[in-house]
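*Asks:* Using the sequences plus the hints, can you model the full thing?
Start counting the sequence shown at 1; every next residue gets the next number (the working numbering).
Don't read these hints as lab results, they were simulated from the structure.
One or more of the hints may lead you astray.
Here are the simulated distance ranges between beta carbons [said to hold, decoys possible]: (1) Thr49 <-> Gly152: 27 to 35 Å; (2) Leu60 <-> Ala115: 17 to 25 Å; (3) Pro180 <-> Thr71: 29 to 37 Å.
Note that beta-carbon positions come from the ideal geometry of N, C-alpha and C, so glycine has one too.
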Amino acid sequence: MAVVVVTSNILVQYPVEGQIGGLNLADILTWGAFTYPIAFLVTDVVNRTFGPELARKVALTGFVVAVIMSTVLASPRIAIASGTAFLASQLFDVAMFHRLRYGVWWRAPLASSVAASVLDTVLFFTIAFSAAIPFAVDGFAVDWAPIFGLTGLPEAPRWVSWAIADFSVKVLISAFALGPYRFITQPR
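*Replies:* If you want it as C-alpha cells, here you go:
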C-alpha cells in the first residue's frame with residue numbers, strides 16, 4: 001500500500017507529455033493518476049477477505065509509511081495533501097464498502113472506490129496545488145489554461161483539469177479493477 005502511495009506522490013509531479021489531436025495531455029493528466037487507484041483495490045480486497053478492521057489497519061499502516069517516505073521523496077505540500085487525502089478517502093472507502101458488502105459482488109468495490117475517489121481528488125488537488133492554500137504554490141499548476149487544454153473551453157488553473165482527468169482515470173481504473181477484484185475474492 002505504501003509503495004502505491006509513495007510512487008503516486010512522486011508521479012503526480014510529472015504531467016503526461018503528449019498530444020492527442022488538439023488535446024495537450026500535460027494540461028489534463030499526471031502520471032500519478034494511473035497508479036493511485038490501486039490503493040482502493042488493495043483496501044477493498046482486504047475488506048472483503050478479512051473485514052473492515054484489518055482494512056482500516058492496512059490503510060493506517062500505509063498512511064504512516066507513505067507519509068514518512070513522502071516527506072523525503074516528494075515535496076512537503078504533496079506529502080501533506082497525499083496524507084490527508086489518503087487517510088480520509090481510505091477510511092471512507094472501508095466504511096462505505098462494509099455498508100454495501102452484502103449486495104451484488106461488484107456494488108461495494110465500485111461504489112466505495114468511486115465515492116472515495118471524489119473525496120480523495122478534491123482533498124488532494126485542493127491542498128497540493130490550489131492557490132487558496134498559499135504555501136509553496138507550484139507555478140505550473142496554478143497557471144491558467146483552457147479546461148482540458150482545449151481552445152474554446154473556459155480557462156481555469158491547470159490543476160483543475162488535472163483533478164477532473166485524475167478523477168476520470170480513477171473511475172475507469174475502478175471499473176477495470178473489478179476483474180482482478182472478482183478473481184482474487186471469488187470463493188474457490
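*Asks:* Each hint should be assessed against the structure and marked as holding or not.
*Replies:* Do the hints match the structure? See the list:
1. Thr49 <-> Gly152: 27 to 35 Å: Because 48 Å falls outside the window, the suggested range is violated.
2. Leu60 <-> Ala115: 17 to 25 Å: holds, 20 Å
3. Pro180 <-> Thr71: 29 to 37 Å: holds, 31 Å
Checked against the numbered hints given earlier, this structure breaks only hint 1.
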